[in-house]
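Number of protein chains: 2
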Amino acid sequence: MFESVTIKDIAKALGVSTSTVSRALNGSYEIGTETKKLVLEYAEKINYRPNPIALSLKEQKSHSIGVVVCEVANDYFSQAINGIESIAYNRGYHVIITQTHESFDRESANVKHLLSRHVDGLLVSLSAQTTDTSQYKYLLDKGFPIVFFDRAATDLNTHKVIANNFKGAFEATETLLKAGFTKIAHITNSNNLLISRERLDGFKATLEQYGVEFNAAYIKHCNHGGMIRDEVEFALKELLNMAEPPEAIFSGSDRLTISCVSILKAMGIKIPEQLALAGFTNSDVVQLFDPPLTVVRQPAFRIGQMATEMLIKTIESKWPVEEFSTEKVDAELIVRSSSQKI
Amino acid sequence: MFESVTIKDIAKALGVSTSTVSRALNGSYEIGTETKKLVLEYAEKINYRPNPIALSLKEQKSHSIGVVVCEVANDYFSQAINGIESIAYNRGYHVIITQTHESFDRESANVKHLLSRHVDGLLVSLSAQTTDTSQYKYLLDKGFPIVFFDRAATDLNTHKVIANNFKGAFEATETLLKAGFTKIAHITNSNNLLISRERLDGFKATLEQYGVEFNAAYIKHCNHGGMIRDEVEFALKELLNMAEPPEAIFSGSDRLTISCVSILKAMGIKIPEQLALAGFTNSDVVQLFDPPLTVVRQPAFRIGQMATEMLIKTIESKWPVEEFSTEKVDAELIVRSSSQKI
DNA sequence: CTGAAAGCGCTAACAT
DNA sequence: ATGTTAGCGCTTTCAG
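Protein sequence lines correspond, in order, to chains A and B.
Going left to right, the first sequence walks through residues 820 to 1161 as the working numbering numbers them.
Going left to right, the second sequence walks through residues 820 to 1161 as the working numbering numbers them.
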């Protein structure tokens, strides 16, 4: 490896012991002011940097946190990672990112891999396929710090940071209703995901409040979260081929919203004339779409930051954490023309 | 830390020495078949995983690679990181990502931070502000492995993976010329970046080949690479206020292309009727724009993979690497309506 | 074929 | 106030 200065080099150069150097560097009181100054100056001069690996071995901490997301190349997650990174960096942690590609097996393998790397804690957003959360339960029971963000597990007692999905879905549905649509379909991610269930609940609640009857045939679950285009296309075609096809769609995830636009365009369906659309997405370019999209945008950066703050707090807590909190942050509805009645 | 099984536990349980266990685990030949089997089985049974931190300390290798990019929340870089991750994961390396936000100071700090973390090598894409590459020179001279991707330094002798920027720019300009535009402006990133210079060269070469005179006033450099919207807006306004304003724009980066569309829309300028557009971007949703965008798309995922393969090869090379190669990969021109003459 | 011991860089008792 | 030493988990001479 690229050679570097050790505490031993300093000790030798100054004719003191390594422990003296260590004490000086760590600002211990039981050391002479003179010696301390000497060591500090010399260390500065030769640009000494403690070896984090040695520290990790000693402290049994790696100062790294593992991140599990479905994919990096996704507006929501890349923004969240940006937030995670910003906090972790400042707190001296580094971030190891892994992707599940919505597969439970990949997710399990990633968690194992991260643990074998001795990460100090985990920031996870479940894959769409995941129903078995026992590996997390096992870890949490042992006191291992885990914070879920966005896609949390319902049955696990730990810190969570999630968007107010119910409210976001409510507002999106409401804007569609207010625009004059009553036959509204909802295309959403796997029902395994809590976010899907919450968004569906928000959707239903809005209909109820506005006195519109709920039609179960208008709900389509895409279990791969839009990763498979055919799945979305199939759902869309089924909806359009109904005796009474919907007039509007509320889509429940980043990828689904984009897929819907893409597929409808390819099919020659005009938005919003033939089918209006409002959906969750964190893409910042949807106002440039044809038509500009009405979206629910989550504060992904902030969510990443909050989750990381909670995780580091848990990691650095002296006592086993027993009290867990769930932070809920509001998503923002941005109304544009895709949800307007022409 | 979350407890884990060590070689010592196995040794104790089996009544052998730690070195025997180590040898068995590492498939050394100087060990009895019986003992070996015993150890292997027991290790398997109790799910033993070697401590990577201890290994790192011993081997003086961290099995991690540092990545320096301007930002994660950018289509090009998130795709590249995806590629980096895919290779690194398979080769047992983990990836530490840092962002410069186009600032030289952040870049320097990130490199220092990564080094203090003892990464085994660096994958870097320079910030738009960077002109001083002496820190990399210093490291390279010491034999430290660095691979540049996308935004490489000209004066440094090391591995590089870049897109064929000249060709990409040539084709984009050509499609504009063939559509019938002759007054073409070029908005690009800081001239500090080699990619900017190569793209400008490609632009000039096309004009020359098609016998169109080059007009220096049609070249606008945005030194913050589109991070600052006003900068792009100012450039665009200057162009439009010229006595002979351009009929088309060729934009030289992801962020600039998107910014141009966004600003022109806000200004009420119709694309391509009033101003046609073709530009570099890796966004996968630009065909949904109004109008669908003509773009040069780079194989970012592949570039990330190649750079990582080269880096790991260099890291694991027994002998100091003296021969460096520059891999050039083709970008793809995708023609859509933003570059058509109406 | 196997065990003992040193050492990677650092900290923290435990001496002096 | 400073030095000595052990130990974190592992590999690797060096003995036997």
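No wet-lab data here; the hints were simulated from the structure.
Take these hints with a grain of salt, some might be off.
Lysine-lysine pairs mimicking DSS-like chemistry, simulated, CA-CA at most 25 Å apart [as the list claims (entries may be wrong)]:
1) A:K880 / B:K1084
2) A:K956 / B:K864
3) A:K877 / B:K877
4) B:K864 / A:K827
5) A:K880 / B:K1089
6) B:K880 / A:K1084
7) B:K931 / A:K877
8) B:K1084 / A:K1160
9) B:K864 / A:K864
Verification of the hints:
no. : hint              : result
1   : A:K880 / B:K1084  : violated, 52 Å
2   : A:K956 / B:K864   : holds, 21 Å
3   : A:K877 / B:K877   : holds, 13 Å
4   : B:K864 / A:K827   : violated, 40 Å
5   : A:K880 / B:K1089  : violated, 57 Å
6   : B:K880 / A:K1084  : violated, 51 Å
7   : B:K931 / A:K877   : holds, 23 Å
8   : B:K1084 / A:K1160 : holds, 22 Å
9   : B:K864 / A:K864   : violated, 51 Å
The structure does not agree with the numbered hints 1, 4, 5, 6 and 9 stated previously, though it agrees with the rest.
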